[in-house]
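Student: The primary structure of each chain is shown beneath.
Number of protein chains: 2
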Amino acid sequence: MAPSDKSTNGADQRESGRAQVLGVIRKVGQVARIDIAQEIGVSPATVTALTSELLAAGLIEEIAPEAVPGKPTGRGRPRVALRLRGAAHLIAGIKVAHSSLSVALVDFQGKTLHEHTAPMPDPKLNAQALVQIIRDTLIKALAGIDKTLSDLSGVGLGVAGVIDAPNGFVHWSPTLTQRNVQLRNMLQQAIDLPIFIDNDANLVAKAEQLFGEGRGVKDFIVVTVEHGVGMGIVIDGQIYRGTRGCGAEFGHTKVHLDGALCRCGQRGCLEAYVADYALLREAQLAVPPPGEGVETQLAQLSMAAKAGDSTAQSIFDRAGRMFALGLANIVNIFDPKLIILSGERMQFDYLYADQVIADMKSMVVQVDSPPPEVRIHKWGDLMWARGAAAYGIEGVTDLAVRAMSNA
Amino acid sequence: MAPSDKSTNGADQRESGRAQVLGVIRKVGQVARIDIAQEIGVSPATVTALTSELLAAGLIEEIAPEAVPGKPTGRGRPRVALRLRGAAHLIAGIKVAHSSLSVALVDFQGKTLHEHTAPMPDPKLNAQALVQIIRDTLIKALAGIDKTLSDLSGVGLGVAGVIDAPNGFVHWSPTLTQRNVQLRNMLQQAIDLPIFIDNDANLVAKAEQLFGEGRGVKDFIVVTVEHGVGMGIVIDGQIYRGTRGCGAEFGHTKVHLDGALCRCGQRGCLEAYVADYALLREAQLAVPPPGEGVETQLAQLSMAAKAGDSTAQSIFDRAGRMFALGLANIVNIFDPKLIILSGERMQFDYLYADQVIADMKSMVVQVDSPPPEVRIHKWGDLMWARGAAAYGIEGVTDLAVRAMSNA
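Going down the list, the protein sequences come from chains A and B.
Numbering follows this note's numbering, in which position 103 of the first sequence is assigned residue number 107; successive positions increment by one, without gaps.
Numbering follows this note's numbering, in which position 313 of the second sequence is assigned residue number 317; successive positions increment by one, without gaps.
It is possible that part of the hints are untrue.
The list makes no distinction among identical chains, and a pair is therefore deemed to hold if it is satisfied within one copy or across any two copies.
Straight-line C-alpha distance at most 35 Å; calculated DSBU-like pairs for lysine-lysine [as the list claims (entries may be wrong)]:
no. : residue 1 : residue 2
1   : Lys365    : Lys151
2   : Lys310    : Lys128
3   : Lys144    : Lys115
4   : Lys310    : Lys144
5   : Lys222    : Lys310
6   : Lys341    : Lys365
7   : Lys144    : Lys222
I should point out that these hints are in silico values taken from the structure, not numbers from a laboratory.
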């Protein structure tokens, strides 16, 4: 675009200018005005104007120039660097899992200030009970750093299931007894704060992008293995969600026509072959007979397989091969640069086996350039909560930038 | 961005300004300067500067203002409209199919000037022979409007297979006897013109976007059924290609672990259940015994099914259900707004049956908002060639805009 535009949408442009400046500062950590100007391709004068506004709003702060040894600072004023002002906002990230709720409290810089985990009373709750336990757990987490709900600027929340993120609407979730829940509105009534909800695997993708294996990678896919199988797709640096928020439903892609019954009610879903209940359904024929509780039963099945029990081995083998088939389909469709397998539970280790990755590679379209890299990254619910917090920071940043235009 | 930027990358910005102006004119057809300014959010003065350059370069032309009945033209100068200058460039689009080569010759406005089809001597050629027949057919097509190769500005070419479009490199194609062919370079040596190569299904997607069912739809997926099964993915208005150009490989997604043998050498690919050879492989057990030639055999099998032969019916039934499963996986992964099933051959009609669409809908994740719309759009190779021509126009436009900066 030519340099001297008087646009009809100047307010929008100032907003996007502020957002771009904040984005650069967030990416780099601390950066001089002149480098911001270079990075986003505008004049130093414009950057000075935008950063003045952001300083006045308290979103960023100046830090004294550090003397670089052996590098003269040049004539004139020393280059003052800018960084985000951590104290500007306190943000919570929450991950709702099968048996627990994890909270990460972060500042505006993204620094983790406190973490807290509480048990879920039941893996499946009605919406009112879920809202209540989220509120209670949030208050307890805040008390750990002598804060209350009124100190928070916003909450990012990750929930399993089919989530329409822009509308904060839950089509369906294994955590909720009801379908079609306006979860964001309900939470906002209970907590009176901006709430940002997304599918939990999308927030793992966000966490990988910001703090993990996805840093600096434009296109990648995260596959999460917990009780279900989730997926987050990053295309051109953005989470891909689909038209209804129903995209990236990896666990319910079909790997067998008229196949095994899935907990979703359909047949042949990937989950119906690789999830814990799928393994235990078959384990009823395996030796030794299963013990008490899902985790114990899975551990026993896994030990039996490792000890050479051929029935137990064949259960894990089939699950691993079905998982490889599902992954190969993702590669054939997306051809991503990188696939990150993200999970933490030991009982799903068989899905990360070298044989599974080799099977996957044998089922993708064969060309003479290497298939996508597969990285295995095990981390816990608290990292998922950090992803939720990062999503919350994004939402709070958007609101703050918009509020400056209305001020 | 703020209004008064003096950017460090002014040349890039002028290029992108020119490209934006051309984009608006191409989209609208004919448009006044003031409306261009509104559409792209820059000042009328900037649009005047950019359009002067484009007029001088001969890419656009002014047309006399049309009096709108009952609408006064207002004071001052009447609003002169701009449109693309069709004569600015002559561009060819070529689609290489199983048994024929189709050429569309279009002007810079995209208007089709001439079409020509020639038989392929063999469905599989070596690269040198393919280059030769493309060149010969192009010359014959041009002769139809008394033109020669030297009148052309560029060629868009669609080929089946795994194509690295930005590099004009063919990893693999059912049309070529060799793998890893630098097809663009070879063609450029033979034809000495800018050549733009892409996977043929991507070019159908481009044709749907510009002239077909995809007009005005940001995210959609095109599935093409010919001898193989292809896919084109449009996300946010752009063709999605993947890291190695190996994305959107729908035909080789796996629908059955250790399933039927595919012509690619792997097992359980969708193609191995729905392509013509897959149907005929099973038809050997069907009554009546198959006749001569693939198309005749398929027609007989189809007639037998319609006449009530249960073996023939079960062959089409299974293929249709596998196709539905594959489509459902695409929906579960992408959640697109629209799926366009694009093809023309009658023998594949069973894949467009209501039952297939119903099966697909029963296998997608069930939420209480409607699944993607499915539209069936049958058109011939000449429309594919028009898609290739549209891709050629894009490439020629980029080159023309860049050439103006170097002038």
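Student: Which numbered hints turn out to be false for this structure?
Tutor: 1, 4, 5 and 7
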